[in-house]
Amino acid sequence: QKEVEQNSGPLSVPEGAIASLNCTYSDRGSQSFFWYRQYSGKSPELIMSIYSNGDKEDGRFTAQLNKASQYVSLLIRDSQPSDSATYLCAAYKGGNNRKLIWGLGTSLAVNP
Amino acid sequence: DGGITQSPKYLFRKEGQNVTLSCEQNLNHDAMYWYRQDPGQGLRLIYYSQIVNDFQKGDIAEGYSVSREKKESFPLTVTSAQKNPTAFYLCASSLSINGYTFGSGTRLTVV
Chain A
38 QKEVEQNSGP LSVPEGAIAS LNCTYSDRGS QSFFWYRQYS GKSPELIMSI YSNGDKEDGR
98 FTAQLNKASQ YVSLLIRDSQ PSDSATYLCA AYKGGNNRKL IWGLGTSLAV NP
Chain B
58 DGGITQSPKY LFRKEGQNVT LSCEQNLNHD AMYWYRQDPG QGLRLIYYSQ IVNDFQKGDI
118 AEGYSVSREK KESFPLTVTS AQKNPTAFYL CASSLSINGY TFGSGTRLTV V
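Residue numbers (my numbering), protein chains in the order written: chain A, 38 to 149; chain B, 58 to 168.
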């Protein structure tokens, strides 16, 4: 079992719909969680971070964390074709090394 | 503007040749990381450094070497011992647990 798991996709949604991306993690000691967006051929860019249970909203993006169930999700409202990318989930386990544990990513396609 | 710069953007390596990838940041971040990304395999950690003059191996360090002589710089050398170096290489930095900032990447190809 991978430490951070994501469905590889592709997840296909129509323009204007809500895209829901999910991530599960195995280490209950994980403290912080991050969602990165990566366009093809480009480097990842941080779009959301979440540290405590519940929802965190930023514009069209909402991150949800449920530590009891060990999952993190990212909702993208009013999806646009420009949201088409791979979304990477990462978890920080704690300790001094500040290493992130990465999922393999979910590919999202938003169709006009 | 603060950021993290990787160079070159594209690099071609001949068989048996060592090549060095540059990574420079002006974000005053303590920690720096090197990742390799292959299609379908996600990000794999090569080396990381939390302070100057100190670094640790990641999951796939064989065939690579690094140095951290300055806070701003963390170059990666791909040695001839790395038998399959063709990949997209990403450098990142962080100050706290608030996530990483990535450079734009170097695409290395063996010719």
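Do not take every clue at face value.
Said to hold, decoys possible - To spell it out: a stretch of chain A is covered by chain B in this simulated footprint if at least three of its residues, at any positions, have a beta carbon under 8 Å from a beta carbon of chain B; those stretches are: (1) 62-71; (2) 99-112; (3) 136-149.
In short, the hints are calculated from the structure, not lab data. Quantities reported herein were computed from a predicted structural model and do not represent experimental measurements. Where is the CB? At the ideal position from N, CA and C, for every residue including glycine.
Hints versus structure:
1. 62-71: holds (count 3)
2. 99-112: As far as the stretch 99-112 of chain A goes, the hint is violated, because 0 residues have Cβ atoms under 8 Å from chain B.
3. 136-149: Contact hint for the stretch 136-149 of chain A vs chain B: holds, 6 residues under 8 Å.
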